[in-house]
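> Residues per chain, in single letters:
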Amino acid sequence: MSVEATARSARPPLWRDLRVLRVAGQVVFVAVAVVFFMTLTSNLTDSLRRQGLDISLDFLRTRAGFGISEGISYSANDSFLRAFQVGVVNTLRVAGVGIVLATVLGVVMGVARLSPNWLVRKIAQVYVETIRNTPVLVQIIFWFFGVIFALPPIQEARTLGSVGILSNRIIALAWPRLEEGAGLWAIFVVAGVVAAAVAWSRLTRLGDRTGRDHHRVRWGLGVFTIVTLSGFLISGSPVRFDTPEVVRFQVEGGLQVSAGYAALLTGLVVYTGAFITEIVRGSILAVPKGQREAAEALGLNPFQQLRFVVLPQAMRIALPPITSQYLNLTKNSSLAIAIGFPDLMGVSRTIINQSGKATEMLLIVMATYLSMSLFISLVMNTINRRVALRGEGR
Amino acid sequence: MSEPEARGGALETADDIIVAQDVKKWFGRFQALRGVSTTIRRGEVVVVIGPSGSGKSTLIRCINRLERHDAGMIAVDGIELTDDIRDIHRIRSEIGMVFQSFNLFPHLTVQQNITLAPRNVRGVPKATADEKARELLERVGIPEQAAKYPAQLSGGQQQRVAIARALAMEPKIMLFDEPTSALDPEMIKEVLDVMAELAGTGMTMIVVTHEIGFAKAVADRVLFFDEGSIVEESPPDRFFTEPQNERSQRFLSQIL
Amino acid sequence: MSGRPLLPEEVPLVLEDARPVELAPPRPPATLGEWIRGNLFSSPFNTVLTVVAGVVIALGGYGVLRWIFVSADWQVVKANLRVFMIGRFPLEETWRIWASAYLAVFLAGLSVGVTGIGVRRTAAGAARWLILGGLVVYALIFLLDGLRVWVSIAAGAALLGIGIAVGRAGGRSLRIPLAIGWIASFLLVILLLRGFGGVPPRLWGGFVLNLVVAVVGISLSFPAGVLLALGRRSSLPVIRFFSIGVIEIVRGVPLVTLLIFGQFVLPLLLPSGVRLAPILRALVMITIFAAAYVAEIVRGGLQGIHHGQYEAARALGLPATRMMLLIILPQALRNTIPAMIGQFISLFKDTSLIAVLGLNDLLDVSRNAPRLEFSGDVKEALLAAALLFWIVAYSMSRWSQRLERRLGVGER
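Residue numbers (the numbering used here), protein chains in the order written: chain A, 1 to 394; chain B, 1 to 256; chain C, 1 to 412.
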């Protein structure tokens with residue numbers, strides 16, 4: 001009882017009471033923040049009123065009235081909203097393809113960086129140190145104005161045999177195109193996958209039972225190849241390699257990408273690839289030396305040491321920093337604006353210039369980028385948790 | 001130098017399983033081994049002691065080729081260690097090794113840690129390997145931990161898993177590189193008990209350790225290392241009671 | 001090996017009852033032939049790699065060298081060199097830039113001297129610097145005409161040397177004056193460029209603009225980032241959520257978007273009558289952008305501080321602010337130095353983005369150079385710009401690697 005009484009009687013004056021101070025601190029902070037933001041908003045409304053503008057999203061439904069050079073179907077008569085969607089899809093096209101290619105490039109170069117071959121190691125090192133220390137925007141602009149613009153115009157386009165066409169406006173690659181009978185063939189492909197999966201699991205179980213390697217990779221691939229190939233012939237070879245051709249100032253056929261897309265993609269992939277290279281190298285080196293020694297002492301061969309011991313652990317280390325590189329690549333795709341590729345940011349700037357709705361449009365753009373970042377983080381975190389769970393087990 | 005006393009069971013087959021002659025090893029300009037010669041017989045338990053940096057770990061790491069010796073000769077079970085990868089591989093699969101820092105694979109369960117090498121190096125069927133792993137975990141006293149990950153075990157348990165992992169390859173020789181140095185005192189005994197049990201089965205063992213009690217109870221012979229050479233080599237009862245060499249005396253007086 | 005190798009001189013030569021030490025290993029350092037075999041032809045696969053890589057290097061190297069020395073026309077760089085460096089900065093005011101550069105060079109020399117991190121004294125290091133230095137001099141001989149520029153550059157080099165010497169001599173005692181010097185120089189440079197009837201920001205341009213934006217951005221974003229990081233770890237929920245919101249929103253959005261926000265929306269947020277030059281608006285946005293990233297780095301450093309440090313500081317009776325300033329932040333910031341320098345390099349590279357707003361930075365100048373004064377090729381101009389960026393970023397990153405090794409970050 002006496003303790004309680006002392007505690008109560010010892011209650012400090014308000015200006016020394018920790019609990020009061022905590023609340024007071026937050027109240028003051030909130031007050032300052034509120035005043036600050038109210039000033040900003042009142043300034044904003046003042047300025048808008050002076051310019052005769054208001055905040056609303058109605059403009060999205062009005063006619064855009066400007067053309068976009070590439071992307072999903074769109075005409076100048078469509079709405080601003082549709083124009084914005086074109087930009088979003090273009091951004092996703094660059095970011096999605098870029099993430100895949102940058103990963104491939106980064107893993108290859110990261111392994112090269114650790115190669116026992118001195119020349120290979122040095123090539124990878126020079127690549128990393130040149131590219132990482134130069135601004136990505138300079139690189140993108142260089143690819144666009146320095147490399148692709150230096151290519152001949154379409155009439156005199158350079159052809160790479162039947163593989164592709166290089167010109168300063170369009171770059172085209174031979175690309176498989178589905179024809180009649182593709183449906184039938186698709187059924188065979190599915191059947192091939194199923195057959196291969198069955199063979200795989202059977203052989204895995206057989207392998208577990210006998211302890212010998214039954215070449216499940218070889219058999220699985222073999223079964224798949226045989227089924228799909230015979231299906232391909234039965235359905236009458238429904239895939240044709242579509243080689244691009246120059247027909248009267250136009251490129252026809254093949255997989256065509258615009259100069260802007262090619263430059264942006266190349267710049268982003270080469271730049272991000274250099275960072276992924278260093279991540280891959282660093283994470284392989286970060287696996288403790290004792291792990292490799294233990295695997296060696298158990299008699300695992302170098303390939304098995306990598307496959308069962310080093311790589312699974314390196315992967316866990318690499319995933320978080322690689323995620324942030326994916327985020328960077330996606331955000332850097334906004335540099336399209338410097339070379340006129342109509343991505344989300346580029347189209348939005350045109351919309352702003354046309355409609356004058358800067359505040360609304362920029363908020364939409366920010367929200368869009370934020371949700372893209374969030375989406376990538378979510379996907380990568382899920383993968384990360386899967387990988388981590390196997391290790392931590394907690 | 002006295003003849004090691006062979007223990008029962010190993011007597012009939014007691015031939016030399018490890019022969020080292022004038023083994024030298026440099027790290028840069030530092031000479032870690034300065035001509036080490038010794039012979040270890042089948043079924044013998046040898047404890048290696050000596051101050052840190054004296055080359056005792058280097059010797060056992062040379063025996064299974066985690067380090068390459070620069071001069072001299074090492075032969076294990078009649079196979080000489082050369083740069084021939086086939087020989088290295090054969091020798092490694094006959095030698096089990098236990099590390100100071102356990103070096104369990106953190107991304108694999110205890111069970112998977114144990115079955116990884118038998119399945120992928122020896123081609124043991126999964127069921128057989130799993131059964132063997134259960135037996136070994138039983139033997140080291142932690143059968144209930146099979147499904148856990150290393151990070152969920154105590155240090156002593158981890159080291160016992162590491163011993164089980166090495167035994168799963170059915171080695172003829174076991175090397176222990178300071179197996180209890182990274183452990184809390186209360187966990188040392190559980191690991192030493194497993195090792196003593198293993199010695200009782202006639203396993204050939206080389207143990208780098210500072211555990212005098214273990215050496216006295218289990219070892220057939222003690223090698224005392226200092227500055228890269230074997231300074232004294234004698235049975236434990238003699239080594240610990242009347243060390244011959246002045247440096248062994250000094251070392252013993254420091255740690256006892 | 002259970003211990004660290006002893007130094008050879010600590011090893012007694014003959015031991016009483018052991019074998020004599022052999023000082024020279026039987027395998028001497030690899031000869032050239034052995035090295036080539038080990039690194040290039042150790043296995044069939046390795047040999048194939050060597051051949052392929054060799055062909056790639058030979059062809060690529062030949063193409064690049066031929067282009068640099070034969071095909072390329074560097075006149076576009078030579079003709080526009082001044083524009084590259086200072087943009088439209090008035091000619092008669094260039095002394096302001098030289099003075100600022102001298103100040104920076106001297107301080108850099110001092111820093112190099114004080115930290116003792118400079119050129120590595122090995123044959124390979126010396127060779128590398130000789131080659132690089134030779135190339136720079138070669139390029140300068142081609143690019144520069146006029147004795148005045150040469151004298152000015154020589155003066156800069158001399159100042160650098162003096163700085164290093166003074167730094168060496170002063171050693172650690174100069175550390176705090178040096179830090180103050182850097183902070184003061186920041187204000188001094190702005191004053192030099194702007195004050196005393198100086199040059200308005202809209203005329204700043206070229207590489208100098210990139211450097212100024214980078215330096216100002218770094219100096220302002222650092223304290224802002226530290227505050228945001230502390231806010232994010234604050235026990236007061238309101239402040240914590242505010243900090244998290246700012247950090248995450250800014251980090252989820254591209255810098256280009258923020259810059260365009262600064263261009264279009266920031267003026268609307270200011271009270272009527274207040275107008276910011278485009279370059280200042282860009283600076284505000286760059287600072288906010290960088291602060292969010294700095295905050296995350298600092299947060300990482302703070303997380304690395306052991307809980308015991310807080311408890312020890314509290315047990316000593318230090319009030320919260322002083323605990324942060326004296327105990328926690330110094331340790332946390334020290335651990336983040338490498339990451340922080342990396343962030344600053346990245347900020348420096350990002351200054352090229354102001355070209356998107358049409359500001360006359362190095363990138364903007366170089367891509368327009370062929371149109372400006374000389375009908376050259378944009379390729380050469382862009383490469384020259386890239387090289388300038390690269391030199392600064394690369395030397396910063398090398399310096400940071402060496403600093404990291406010196407500090408032994410993680411070992412404490």
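Because the hints were derived from the structure by calculation, they are not lab data.
A hint or two may mislead.
Quick list of in silico lysine to any residue cross-link-like pairs, SDA-like style, CA-CA up to 25 Å [unchecked claim]:
{"#": "1", "chain 1": "A", "residue 1": "K122", "chain 2": "C", "residue 2": "L220"}
{"#": "2", "chain 1": "C", "residue 1": "K379", "chain 2": "A", "residue 2": "R169"}
{"#": "3", "chain 1": "C", "residue 1": "K379", "chain 2": "A", "residue 2": "A262"}
{"#": "4", "chain 1": "A", "residue 1": "K289", "chain 2": "B", "residue 2": "Q21"}
{"#": "5", "chain 1": "B", "residue 1": "K148", "chain 2": "A", "residue 2": "T382"}
{"#": "6", "chain 1": "C", "residue 1": "K379", "chain 2": "A", "residue 2": "E296"}
{"#": "7", "chain 1": "A", "residue 1": "K289", "chain 2": "B", "residue 2": "T241"}
{"#": "8", "chain 1": "C", "residue 1": "K379", "chain 2": "A", "residue 2": "L160"}
{"#": "9", "chain 1": "B", "residue 1": "K172", "chain 2": "A", "residue 2": "P302"}
{"#": "10", "chain 1": "C", "residue 1": "K379", "chain 2": "C", "residue 2": "N46"}
{"#": "11", "chain 1": "B", "residue 1": "K132", "chain 2": "A", "residue 2": "K122"}
{"#": "12", "chain 1": "A", "residue 1": "K122", "chain 2": "C", "residue 2": "L387"}
{"#": "13", "chain 1": "A", "residue 1": "K289", "chain 2": "B", "residue 2": "N120"}
{"#": "14", "chain 1": "B", "residue 1": "K148", "chain 2": "A", "residue 2": "L160"}
{"#": "15", "chain 1": "B", "residue 1": "K148", "chain 2": "A", "residue 2": "I383"}
{"#": "16", "chain 1": "A", "residue 1": "K122", "chain 2": "C", "residue 2": "N46"}
{"#": "17", "chain 1": "A", "residue 1": "K122", "chain 2": "C", "residue 2": "V246"}
{"#": "18", "chain 1": "C", "residue 1": "K379", "chain 2": "A", "residue 2": "R205"}
{"#": "19", "chain 1": "B", "residue 1": "K126", "chain 2": "A", "residue 2": "E296"}
{"#": "20", "chain 1": "A", "residue 1": "K122", "chain 2": "C", "residue 2": "L388"}
> Hints first: check each against the structure and report whether it holds.
Comparing the hints with the structure gives:
1. Between A/K122 and C/L220 the alpha-carbon distance is near 38 Å, which puts this suggested pair outside the 25 Å criterion.
2. Pair hint C/K379 plus A/R169 holds up; C-alpha atoms about 17 Å apart against a cutoff of 25 Å.
3. Proximity of C/K379 to A/A262 is assessed by CA-CA distance (about 17 Å); at most 25 Å being required, the pair is judged to hold.
4. As the CA atoms of A/K289 and B/Q21 are separated by approximately 29 Å, the hinted pair breaks the 25 Å bound.
5. As the CA atoms of B/K148 and A/T382 are separated by approximately 22 Å, the hinted pair is consistent with the 25 Å bound.
6. For the given pair, C/K379 sits about 51 Å from A/E296 by alpha-carbon distance, which is inconsistent with the 25 Å threshold.
7. Only pairs whose Cα atoms come within 25 Å are accepted, and A/K289 paired with B/T241 is rejected, the gap being roughly 39 Å.
8. The suggested pairing of C/K379 with A/L160 holds, with an alpha-carbon distance near 23 Å, which does not exceed 25 Å.
9. With a C-alpha separation of about 23 Å, the suggested pairing of B/K172 with A/P302 holds against the 25 Å cut-off.
10. Taken as a hint, the C/K379 and C/N46 pair is broken in the structure, with Cα atoms around 36 Å apart against an allowance of 25 Å.
11. Restraint check for B/K132 and A/K122: not satisfied, since their Cα atoms lie roughly 47 Å apart, outside the 25 Å limit.
12. Pair hint A/K122 plus C/L387 holds up; C-alpha atoms about 20 Å apart against a cutoff of 25 Å.
13. Distance check on the hinted pair: A/K289 and B/N120 sit about 21 Å apart at the alpha-carbon level, within 25 Å; holds.
14. Note on B/K148 and A/L160: the hinted pairing is violated, with a Cα-Cα distance of about 57 Å set against a maximum of 25 Å.
15. Taking the CA atoms of B/K148 and A/I383, the gap is about 21 Å. The hint holds against a cut of 25 Å.
16. Proposed proximity of A/K122 and C/N46 is supported: the alpha carbons are some 14 Å apart, at most 25 Å.
17. Between A/K122 and C/V246, the direct Cα distance comes to roughly 42 Å. Violation of the 25 Å bound is thereby established for this hinted pair.
18. Proposed proximity of C/K379 and A/R205 is contradicted: the alpha carbons are some 60 Å apart, above 25 Å.
19. For the hint pairing B/K126 with A/E296, the CA-to-CA distance comes to about 21 Å; that is within 25 Å, so the pair holds.
20. With a CA separation close to 23 Å, the supplied pair A/K122 and C/L388 stays within the 25 Å bound.
In this structure, the earlier hints numbered 1, 4, 6, 7, 10, 11, 14, 17, 18 are contradicted, and the remaining ones agree with it.
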